[in-house]
Amino acid sequence: MAVRFSSLAKPQGTWWRPLGRDERLWGALAVIWGLAMFAMIAVIWPAIGREQNRIQSYRIQPSEFAARTDEFIQTYQIGEVDGVPLVAPPPGGDVYLEARAFAWRPVIQLKRGETYRFLISSRDVQHGFSLVMAPHTINFQILPGFVTVIQLTPEDAGEYPIVCNEYCGLGHHLMLGRIVVTD
Amino acid sequence: MQAVAALQRRCQVTGLLVDRSAERQIMAFAVTAVVYLAIGGILALLIALTRWPAVHLLPYESFYAFVSTHGMVMLIFWIIFFEVAGLIFGSTVLLSARMVVPALGWITYGLMLAGSVVATYLMISGQAVVMFTSYPPLKAPPLYYASVLVFAVGAILGIVHFVINLVGARLRGDVGSLPLFTFALLGAAIIALWSLLSGAAALLPVLLWSLGVIPSVDPGVYRLLYWGLGHGAQQINLAAMVAVWYGLASLTTGAKVLNEGFSRIAIILYVLFINMGAMHHLLVDPGLGTWVRNMNASYFMYGAVIGSLIHAFSIPASVELAMREKGFRRGLFTWLRRAPWGEPGFAALVTSLFLFGVMGGVSGVIIGTPFINMISHNTLLVPAHFHMTVVAGTTAAFMGISYYLVPLIFQRELVLRGWAKLQPYVYALGMTIFGLGMGLAGHWGVPRRHWDITFSTVSGLRTDIYQQPEITVFLTGLGIGAIIAVIGGVMFVAVIVGTVLLGRRTATPAVGKIAPDAFIPVPVAAGGGDTEPGEAEHAHEGFEVPGTLVLSLAFLALFALLYAISWYELSSVPWGIR
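Protein chains in written order, with the numbering used here: chain F, 1 to 183; chain E, 184 to 761.
No wet-lab data here; the hints were simulated from the structure. Fair warning: this is a prediction, and the values are worked out from it, not measured in the lab. Do not rely on the hints blindly, as some may be mistaken.
Simulated pairs of lysine to any residue, SDA-like, Cα-Cα distance not exceeding 20 angstroms [as the list claims (entries may be wrong)]: (1) K322(E) / G169(F); (2) K696(E) / A9(F); (3) K322(E) / A101(F).
Covered, in the sense of this in silico footprint (three residues per stretch, anywhere, with C-beta under 8 angstroms from a C-beta of chain F), are these stretches of chain E [to be verified]: (4) 348-361; (5) 431-439; (6) 553-560; (7) 565-573; (8) 588-599.
All C-beta atoms in this analysis are idealised placements derived from N, C-alpha and C, irrespective of residue type, glycine included.
With the rest of the complex left out, here is chain F (with noise of 0.2 angstroms):
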C-alpha cells in the first residue's frame, strides 16, 4: 500500500504505483465505451441510419450562385408566396436555396418520397438553414463563397418553414423561408 498525497500537496519520493483493481475496471469500460461511441459514428451509423451526413461542397463566388438561382427560379417558377417566387423543381432535380439578410429565396415545392440535391449558399454573411418539423429540426451551416449541397427527401406533406439560426445581424430574426410539399 504505497502513500498517497493530497492533491493540494507536493508528492514526495516515487509515488507512481500500478493501477488498483478499482481503476482497472472503470478504466477498462471508460476505453470500451469510448471505442463503442467511435464504432457508432464511423461504422454502424454510416450502415444503417437514414439520415447521414454527407455533405457535399463547392467554392463559387456569391454573384455567380445568385445568377444561378435567378435562372432556376426562372425556368421552374409557378407562382408568389409573399411577395416570394414559388419555384416547383422537376422530382428527383437539382434545388437551388439562397441566403441573404434578411431572407431565403425562392420558396420551394417539392414531391413527397422524391429525393432533391439542395444546393445552398449565401449572397451576404453567414447563415443557418433550419428545416423545421417539429419537434425537430434539419440545420446546416451555410457560408458565402461555398455551396453546401445536401441530398433531402421529404416523406411528408406539409408547409416546412426554414429559419435562419446562425446570427447574421440585426434583423436575424425576420429571416423566414418555406418548403412546401405536396402529394
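Based on the hints, put chain E in the right spot on chain F.
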C-alpha cells in the same frame, strides 16, 4: 531578513509561504474576474427574461448587443481572469515559491484589462454586435478585433509567466513533482497556449480585413481557426475546473488522490486530444470531409472523454477513501451521507461535478456526434450544453474554491457564511431548471441567439411553428431557472465583495472545516512502498471504493441511455438526409 519578510509571509492557516507580489496579483485578477462575472450575470438575467416569451423584455438591438457582450464577458473575461489568478496561485503560493518576474504579471494584467474593457464597451454600446464568435464577413470596427487580440496577447504572457514560475521553482529546488492541482493547471496552460494562438491566427487576418489591408477572409478557414479558441477556451476551463475539483476534495474532506498516475494520465489525455473538440462546431459546415469530422469530433476515439471519465471516478473515489479512513466504513454510501454537505466547498464540488457530468458532459458528447449534430446545430441545445459545463460546472467550482482562497489571500474573515453554505445549492437548482428548459427547447428546434421566435414583426412567410405549449413551458423554465441562478450569483458576489471590503482583518481567517493537512505532503513511509502489512482487509470483495464504483456505473448507464435515445431521435426525423 526584514527585506525578505516584506516580500513573503508565512500563512498561519496553511503553513504555505506567500509571495507578496503573487498575493497582490491574485487579488487584482480575482477581483477583476468577479466584476466581469457580475456584469455578465446582469446581462444574463436580461437576456433570459427576453427569451422567456411571456416577458420578452428587451428590444432587439439591446438583445443582440447584450448576447454578444454576455458571451464575451463570461466565456472569456470572467473565466480567464480567474484562471490567471489560479495559475499564479498554483505556481507560487501552493509551491511556497517566489514569483520570478512580478513585472510580467502586471504587464499581463494591464493588457488583459485594457483589451477586455475596450471590447466590452464596444459590444455593449452596440458598435460591435457580432456575437462572441464574430464570424466574418459580419464586420465589427477594427478596434474591436484589436482589443481582443491585445487581451489574447496578455493572456499568453500570463501563461508564459506561469511556466517561468514553475521552472524557477524547480531550479531553486522548491518543488520536485508538482502537486496534482498544479499539474492539472499546467495541462490547462498548455491547452490555453494552443487555443490563444489559434484565436490570434483567426483574428489577425480579420483585423487586417476590417482595416482594408486585405480584400477578404475565408469564412470557412476563419471558423476552423476561431473554434480552436472558442472551444479550446472552454477546454482550459475544463482542465482548470478538474484542478479545482481535486483541490476542493482535498480541502474539504482531506481526500488523497486515489492513484496519482491514473489522474495524471487523464490530464495528459486532455492535452493530447481535447483541442480536437473544436471540430464540434464544424460538423454541418461545407468544406470538410467525413473522416476529418469523425476523427476530430470523436477527439480521436474519445481519448478526452476517457480522461473525463477517469476524473469523474477518481475524485469521488478519493473522497470515499478519505471518509472511510475517518471511520465511515459501513455499507456502500455511509461515507457519502456523512460527508460535509454544509461546507460550501464540498457543496460546490458535488453540484458542479454532478451537473457538469450528467448534463454538460453527456450532452456535449451527444451533440458533438457528426450525425446527431444535424438535429442540434445552433439550436438552444448548444448553449444549454455549454451553460451546464461552463456555468453549472466551472463557474460553480470556481465559486466554491473562492470561499477559501479569498479569506486566505486577503487575510479577512469570510462574511455571510450562512449565505455561502446555501449558495451552491441555490445556484445548482437554478442552473438545473435553466438547463433543462433551454435544452428541451433546443431539442424542439428553437434557435439560439434569436430575438423573436413568434416572428411577430415578420411581413412574409410567417409561421407559428414555435408556438407549441411544450416550447412555452421549456422557455418559461429557462426564465425561472435563470432568475434563481442569478440570485445564487448575487449571493456569491455579495459574500466575496463583502469579505474583501468589510471582512475583519486577521492572519488566521476561519475557513470552515477544512482538512488541516491538505497542503502538507505525507512523509514517505520508511522503506518505500509496501511496508504496511497491517492494512485492513477490504470488506467489499477487494474493492477499495465500492460506493464510487456503483455511482460511476450508474452514471455510465445513464450516459448510454441518453446516447441511445439521441440516436433514436435522429432516426425519427421524417425526412431522409444523404
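Status of the hints after comparison with the structure:
1. K322(E) / G169(F): OK: K322(E) and G169(F) at ~10 angstroms, within 20 angstroms.
2. K696(E) / A9(F): Holds - the C-alpha atoms of A9(F) and K696(E) are around 18 angstroms apart, at most 20 angstroms.
3. K322(E) / A101(F): Roughly 14 angstroms separates the two Cα atoms, so the pair holds.
4. 348-361: With 4 residues close enough to chain F, the hint holds.
5. 431-439: Holds: 6 residues of the stretch 431-439 of chain E have a Cβ under 8 angstroms from chain F.
6. 553-560: Check passed, 7 qualifying residues.
7. 565-573: violated (count 0)
8. 588-599: It is violated, with 0 qualifying residues against the three required.
Checked against the numbered hints given earlier, the structure breaks hints 7, 8 and satisfies all the rest.
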